[in-house]
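With our numbering as the guide, the letters of the sequence shown map in order to residues 41 to 603.
Treat the hints with care, as some may be off.
Straight-line C-alpha distance at most 20 Å; calculated DMTMM-like pairs for lysine to aspartate or glutamate [unchecked claim]:
{"hint": "1", "residue 1": "393", "residue 2": "270"}
{"hint": "2", "residue 1": "481", "residue 2": "204"}
{"hint": "3", "residue 1": "375", "residue 2": "346"}
{"hint": "4", "residue 1": "221", "residue 2": "204"}
{"hint": "5", "residue 1": "221", "residue 2": "436"}
{"hint": "6", "residue 1": "221", "residue 2": "270"}
{"hint": "7", "residue 1": "221", "residue 2": "200"}
{"hint": "8", "residue 1": "221", "residue 2": "290"}
{"hint": "9", "residue 1": "460", "residue 2": "93"}
Label-pair restraints from in silico Cβ distances [what the hints assert, rightly or not]:
{"hint": "10", "residue 1": "481", "residue 2": "147", "range": "46 to 52 Å"}
{"hint": "11", "residue 1": "238", "residue 2": "152", "range": "28 to 34 Å"}
{"hint": "12", "residue 1": "348", "residue 2": "437", "range": "31 to 37 Å"}
{"hint": "13", "residue 1": "204", "residue 2": "100", "range": "48 to 54 Å"}
{"hint": "14", "residue 1": "191", "residue 2": "127", "range": "32 to 38 Å"}
{"hint": "15", "residue 1": "312", "residue 2": "239", "range": "31 to 37 Å"}
{"hint": "16", "residue 1": "188", "residue 2": "506", "range": "49 to 55 Å"}
{"hint": "17", "residue 1": "116", "residue 2": "191", "range": "20 to 26 Å"}
Rather than coming from a laboratory, the hints here were simulated on the basis of the structure. These figures come from a predicted structure and were not determined experimentally. Built from N, CA and C at the ideal position, the CB exists for glycine as well.
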Amino acid sequence: MKRFSHNFASHLTLRHGTTTALGILLFVGGLALKPIKMSDAGVPRVLAGNDQENVQATAVARTEQRQEQSRQIRPENFSIDRYPITNQNEKYWRNLLWTAAVVQPQEEFVAETIEQILAMTVQSGLSDAQKRTIDMAARFGIQLYLSNPSRYASVGAQFEQTIERSPDPDWVAMSLSGLAKGGLSPDQIQTLAERVKARFPNWSTNVSLYTTLQDLGALTAPDSSPPLTDLLNWTIAPKQVQMYVLCQHDRSVLCQTVLKDRNGEFVRQADGQLWSVPLLLRSIHDLSWNFVRGETPQGIFRMEGEVPQPDDEFFRAYGQFSLVNLFVPFEAGAKQFLPGKPGPFRGTLADYKRLLPPSWRNNWAIQESYWAGKAGRSFFRIHGTGESPDFFSGKDKNPDSYNWNPTIGCLSALELYNEKGQLLQADMPKILAALESAGGKNFTGYLVVVDLPGNGSKPIAIDAIETALRRGKFSLKVSPPAKPTVVQGLSTTKPKPAVAQPVPPVAAQVSPQPSVSPQASVSPGAAPLPNNTPALVNPENPETTQPAQPEINPTTRSLPVAY
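Modelling step: build the complete structure from the supplied sequences, incorporating the hints.
Here it is, written out as C-alpha cells:
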C-alpha cells in the first residue's frame, strides 16, 4: 500500500543492529520458547546427509531471540505520552508494533495503546510517517481483535469509529473487512457496507473499498463454485507447468498442492498416487487478501524459476533452500505473464479472464490475484523457514498445521530442525525437484490458488482431487493430518480425460537437490448485500488505483523476496 516504507528493514538495523533487527523482523510468538520435540516432528533422527548444525536453529539461539522479543513487551514501551506518534518516532513504533504482531501479547496495556493509535484514523493532516505507523497499528489491531472479538471489543469499537469518521478509504476498508471477519451477522455487515457507500460515493474507484465490498457481497450471498474439473483440466499456456494449490476457506487448514508437467500430465509418485505437498497460506495478521501483509490471494500467479537463498542472514525468514518465484498481474519483473506477450501483465480484467476456463471467468474469488496486483501487492514466493514452529503465537486454531509457519502473504512449506540445529524435515527440496522434473531447470508456468466450497478443518483429500480429474462430481473429502512420506520417484500420468484447451488470443498490448519430504455494536440492517455490485469505474486507469508498491520486505538489506 502507498504508505509503506521500503526502508523498514534499514530502520531496524540502524536502531538495534543486524542481529536484534532480525530478531524483531522474523516471525515469533509466545513469550517462552518450547524446543521442538522430535516426536512432534514425527522423525526419529536427522535426515541422512543433513547432520550439519545451523547455529541459528539451535535451541540456545532461539531462546536468546525470544528473550530479545519478550523484553520489549513492557508498559513503558507502549506509552504514547513517552513516545508520541510523530515523524521522529516512526522507527520506534514500527519496530515495536512488528514485535507485538509476532509475539501477540495479551496484556491490557497493549490493547489500550492500539486503541489510542486507531483513534488517530479520524484525523486529517497526518504526515506520511504518522500514516505508516497507523497502518501498522491497524494490521496488528485486526490480528488482536480477531484473536478474541469479545475480549477486544473496545478495539472493534475503534474500527467502527474509523468506518464512521475516517477520511481515509483504505483504513475504512480494512476496518470493515476486519469487523466482518470477527463474526458480524449479515444484517450488521449490510448496515456497515451501506454506510461506507454513503460516505464514499465513488467507492468503486478505490481498489480497497471495491474489493472489500465485493468480498462482503460474496460472503452474504455466495455464488455456487464452478466445477473444479474445468479448472484442473484447463491449459493456461502450452508447454508450461501448472501448479494448483487447493485450500479451505479457513487458511489455518493446510492447502493441498498438485502439479501438471509441460505436457499437461499430472505428476505422480512411483505408486501412481498424485504428487502432492501441503502448504500453509495463512497471514500472521489474519488479514484479508486485498491488503498488504494479508493472506495469499486466490487466482493465477506467474511462476518463473527459483530465487536462491542468498546466505545465513536470511535463514530464519526463508530457511536454507531456494524459493519459487511468483508474480501477480501488474507486478514488475515477470518475463512473460501473458502467453506470447513479453514482460509483466499490463492488460485488462478481460485479458486476465481469458487465462481461465469459460466456466470460471465470472467467478469473483479467482480474480483476487488480479486485484491484489492492482492494489500493489507483490513479492509472493513459495519458501521454507528457519524459525521454530514454537516461535509463533495464535497457532492453536488447527493443530494439524502447527509445524507450518504463517507468513505475510507467501506460501509456506515445512522445514523443521532439532535442538542442535540439524535438519529433520523439509518440503522445499521436494517442491523444487518436482518443478524441475516437470518443467526443466529454468521452469516457467503458472500457479493457481483456489479455496474450495465448504468449511472443512482438514486438507482436501487426494482421492477427492482424483475424482475431479476424472470429471466426477467433486465432494469435499478431507485427508488425515499430514505425515512424512518418502517419494521414491516421480512419474507423470495423463488425467482421464485430460484435454488441454486452447488459449484464446490476448488482444491487449503489454509493455515492452534430492527430494526430501516430511513432510462492536452495529445496528441491524435489512437485506443482504447484492452479489452483483457494479464494476470498478475505469479499472485500467492508473489514476483511480493505488500505485504499485511491494510488500514490506523485512530484511536488513535489499532482497527481492518477502515472507
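Tested hints:
no.: 1; hint: 393 - 270; verdict: holds (14 Å)
no.: 2; hint: 481 - 204; verdict: violated (53 Å)
no.: 3; hint: 375 - 346; verdict: holds (13 Å)
no.: 4; hint: 221 - 204; verdict: holds (18 Å)
no.: 5; hint: 221 - 436; verdict: holds (18 Å)
no.: 6; hint: 221 - 270; verdict: violated (30 Å)
no.: 7; hint: 221 - 200; verdict: holds (13 Å)
no.: 8; hint: 221 - 290; verdict: holds (11 Å)
no.: 9; hint: 460 - 93; verdict: holds (6 Å)
no.: 10; hint: 481 - 147: 46 to 52 Å; verdict: holds (51 Å)
no.: 11; hint: 238 - 152: 28 to 34 Å; verdict: holds (31 Å)
no.: 12; hint: 348 - 437: 31 to 37 Å; verdict: holds (33 Å)
no.: 13; hint: 204 - 100: 48 to 54 Å; verdict: holds (50 Å)
no.: 14; hint: 191 - 127: 32 to 38 Å; verdict: holds (33 Å)
no.: 15; hint: 312 - 239: 31 to 37 Å; verdict: violated (58 Å)
no.: 16; hint: 188 - 506: 49 to 55 Å; verdict: violated (40 Å)
no.: 17; hint: 116 - 191: 20 to 26 Å; verdict: holds (23 Å)
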